[in-house]
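Could you use the hints to bring the two separately framed chains together as a complex?
Protein chains in written order, with my numbering: chain A, 1 to 505; chain B, 1 to 176.
Derived by calculation from the structure, the hints in this document are not laboratory data. Among the hints, erroneous ones may be present.
[Said to hold, decoys possible] What the simulated footprint calls covered on chain B by chain A, stretch by stretch (three residues with Cβ under 8 Å from a Cβ of chain A suffice, anywhere in the stretch; the number is not a length): (1) 64-75; (2) 158-168.
[Said to hold, decoys possible] Label pairs and their calculated CB-CB ranges: (3) A:Leu201 to B:Thr86: 27 to 37 Å; (4) B:Ile164 to A:Leu248: 48 to 58 Å; (5) B:Ile164 to A:Pro249: 53 to 63 Å; (6) B:Ile164 to A:Leu140: 48 to 58 Å; (7) A:Leu286 to B:Ile159: 25 to 35 Å; (8) B:Phe147 to A:Leu15: 35 to 45 Å; (9) A:Leu201 to B:Gln115: 40 to 50 Å; (10) A:Leu490 to B:Ser55: 41 to 51 Å; (11) B:Thr81 to A:Gly21: 23 to 33 Å.
[Unchecked claim] Reference excerpt, derived from the structure (chain A facing chain B, CB under 10 Å, subset only): (12) Glu165; (13) Pro249; (14) Val384; (15) Leu418; (16) Phe427; (17) Ala447.
The C-beta atom is built at its ideal place from N, Cα and C for all residues, glycine as well.
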Amino acid sequence: MEAFELLFQGFQVLLNAKTLGLMMVGLVLGIFVGVLPGLGGPNGVAILLPLTFTMDPTTAIVMLSCIYWGALFGGAITSILFNIPGEAWSVATTFDGYPMAQQGRAAEALTAAFTSSFIGSLTAVLLITFLAPRIADFALRFGPPEFFAVYFLTFCSFVGLGKEERHKIVISMALGLLLAGVGMDTVSGQLRMTFGSSELLRGINFLVAVIGLFGISEILLTMEERLALRGHIARISLRVVLQTWKSLPRYWLTLLRSSAIGCWLGVTPGGAIAASFMGYNVAKRLSKDKDSFGKGRIEGVFAPETAAHAAGTSALLPMLALGIPGSGTAAILLGGLMVWGLNPGPLLFVEHKSFVWGTIASMYLGNVVGLVLVLSTVPIFASVLRVPFAAIAPMIVVSCAIGAYAIQNAMFDIWLMLIFGVVGYVFKKLGYPLAPLTLALVLGNRAEDAFRLAMIGAEGDLRVFWSNPLVGSITTLALVLLFWPVISSLMDRLRGLGGQWRELP
Amino acid sequence: MADDEVVADQAVAAAADDRPVAQSRSVDLVVSVLLLALAVLLGWDSWRTGAGWASDGPQAGYFPFYLSVLMGAASLYGIVTKLSETPTEPFVTRQQFERVMKVFVPTLLYCLLMQYLGLYVASFFLIAGFMWWVGRIAPWKSLLTAFVFTAVMFCTFEIAFNVIMPKGPLEAAFGF
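Just chain B, same shape as in the assembly (with noise of 0.2 Å):
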């Protein structure tokens, strides 16, 4: 089949000064080691609970024992192959790095705040903050738009559907 006769790519070209961070191998190399670890620990986890067999067939551990040295086995190869190449492609540019910060570092916030505050208060911060700072949208749109969707949201979810979610103070104090 010649599908490499197509080629789509839709990068946006990286300016002049964009230095990467890191290369596409080295965070291959860590990926596979961390799987590597993961395997080795899921393994061990597995054969501590029994892997063998008992008089009613196989063990709980035996099948996840099996794919952990399956996986181990898939990551040392990676592993090989990724040492005896020589690193070629970036993995995420200085830029493109920044701007997967902008959006990652706020939905942890969110995580992490709506703790405290509840689900729905935790998410009106978050779209009026991401749209107020990160996309420069004017700060009344950005309230209002926060305000409308984080109550459409409570509305479709909590009243409509009954679908509970985590709330914090403020629900508390209208009721609910």
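Looking at chain A on its own, in the form it has when it is part of the complex (with noise of 0.2 Å):
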């Protein structure tokens, strides 16, 4: 039990004042984000990451991954109370809680949302504890071959099991990776794509960009959509939760279900929303009183919740062990290693072992201070809501500009981001994929490095990726996931075809 051991010297280097205040404030800095609709989890830590630079690593990812806990947490208050998901993961939480906070059953949905997200990610974190160490050994044999390959199978799931218009995941997912390449080519020192700018020379920063695509273009959406905010009062007492408490065993089979879709989806890059979606319809579906869904069923607030938290802490699972973020979010996060002088990838767990033990020690301490917290201040944090939005609105603008010029210190940042608000406010409304480009963006000069290192060491033989059974079989299960879509239509037509051999005689 190495695992339990490594742990435990983890929750030493969480443990002293400093770290733990940052926690707090990371995890009421989270709920805040999670709590306004406009500002989601990516933008809170993308724009409270420049807040970091000058911490330490691990008190650095404590806070940051609070604010993501918290972010998590507070999207189900505003869904349950006032019926607007305060983020897009909490979408499915609104078709049960808010019924319930019409029957007068707030307080009732507020405890199983929290508890149920708490469950979730604590599943996630289980298996974070003991498959993340397993994983990053074993992922340690890697070269370059294999680490492309495994490049190449996140950006070719996205391709084959997304749900919007092909083209425009492929656009999406180019756009990011031609960007990531801008400025000097980290292998032959030579400039590409700059075409004479010398601010285009230290490349297109990544967090810019994030802040641009989710802050910017979120508000520019918010004002369209011209929110009304009308919600419901929500006090939560200590028998209101023992009560829902007690119910909780009765639904073991949902929240089972329902972690077990959220960690799957998490890290593979599904993410948080298809597993909140996905992890709702199969309650549903499976229930035997299909029909009291949408009516206010707690079950129906059990399910989404806990696969979305479930999926939102397993997404960092790949990021730790591999350097491959299963999540908007994550690769945030991993942006972050990257700014705090840390190399992502397996080799994090032997360099670094405080670093990744206090993280995941923090995982758990947020999440229980974070249901503690949460259950605690509901009134405060929907009173928020009461603000108008004209006044909440320039104060995000403020902090992603703050954000944006932080990191590089250039006012060619501020307009990139104002750029990237644009671009992100009508990718979205025509439907482009954000989480590809956002991918893309922060893993192209690796994904591109391994490739080069491999066919440098192959001497340009594409056989290389298939030169092992290891490196071959990633390979393969990648281009069955690009094709996916071409795959199944065809094994539906064999079967169709058998069908009718069969009826044939």
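Given below as structure tokens:
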């Protein structure tokens, strides 16, 4: 049980006043970010990232990941009380959460949401604790071809499994990879795609792009929809909490199922949003009483919240073990790692043990503290929503500008942020997915380096990606995922033909 | 997976006189053409940098060149499929567009102003102005909120965390 020992050491890293204090600050800021529609988990983390530049990496990631947990908790408040999802992953929570609030069961719904969130992330953290070191250990054997194959797999699964129009996914991904390549080429030192501009020499910073794509564009979208906030008042008493907790064992199957769905979709780049919908739909489908869903059924809150949190948390598993983020927010945290001077990847588990295990320990502690905090302070955070949006919108713009400027101290980045804001707005409205763009921006250079190193090693022979069983199976899996839509329709047709043959005689 | 069972529509119903400014199809076409142009530009630049093989492996332009080709092809596909469609849904209606401009124009002015006045003073004007004119909030409330928020930001970033922001004449007068 080496994991326990290391985890214990991780807790020791955490237990000092400064780290714990910043953890609380992170949680409060995160809940705040999650409650406000128009500011999401990725934005919150991206905007607040500059605050951590002067901290040591462990404290920094503890604070940032706590912002993330807080945002995951906070999204449910807006969904249930105001029928407006504070986060995209809480959309499914509104289906049954808001009807419950209408029936005067807001406190019960909120308790259910927070508790199931907690259970979901706890499952995922357990998974990380025991699986991540093994995966990292295994990945230590990886060379450039293997790494490129894993990156390739990530990108292919976006294209093959994405719900958007395929050419739009491809465009979004290619654009991200191209933008990542702007500036100085890391292998040859040559300049490319700079068009003589000294500003572009530095390259396009990933975090600036994220702040624009998510922060500014979200403000534009929120203004366009003109959200009218009309909500229910909630106060959570200990009695309701205990009552709801007492009913928990009855729903163990729903909780377990949603946790599993969430963990799976979080590790593969499906994300918390897909997980929450899938969790809800599966619970509804397998329920004996389908019609009661959408009318204020507590399971309709349990299922999506558990799945969303399990996914949100387990998205950190591939980030820690392989250096490949499972979600947009994980991608930003990965960007943070590089800023703090850590090299993401399996070596992290060997070279920066206290960092890794401190992070994992903070996941346990952050979720426990977050649960208590959010249960006790709901009225305060719900009242935040009564602040007019006209006051909040410019403050968010200012925070975005500070975040964008602080990364490289460049005025050019402010303009870049504005451009990405418009791009994000138009892309979201036209159904171009932003997650592949974000992921491509952060992984672009690493993927290219891995490819070129593999090519140099193999003297330009593409067969290097099938040179041993490990890399071969990853590459093949990537290609299968890439052409999954074609393959699955072919299989359907074959099955159809088979059926006809059987019917013939 | 039956994701289509779930419909989440939060959009406020459009008023009857709220005519669309542009159709989704037209905007989609314009964006595809722009992306195609960008792909051609970046592809050409990468070709110039060298998109072939050198003695030590792929040249600097190799990766970007083939990505440009991929992006160009995908944009072309988008243009062709969109041309054969009939316009169905509006991209933005007039009222929506006005509301978006109400926040976009101040943000643009804010970025411009920042070059001359520094970030903090510009932020003060943005928050106060936006609350006052767009939000129709009482002037004293707007000014006070803007001042408090800007001051808190200044103390947090400039003093506590030592994160340097662009500063203008006002900060210089106080010796920062």
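Inset, instruction - Could you tell me which of the numbered hints above are not met by this structure, giving the numbers in increasing order? - result: Numbers 3, 6, 7, 9, 11, 13, 14 - these are the hints that the structure violates, sorted from lowest upward.
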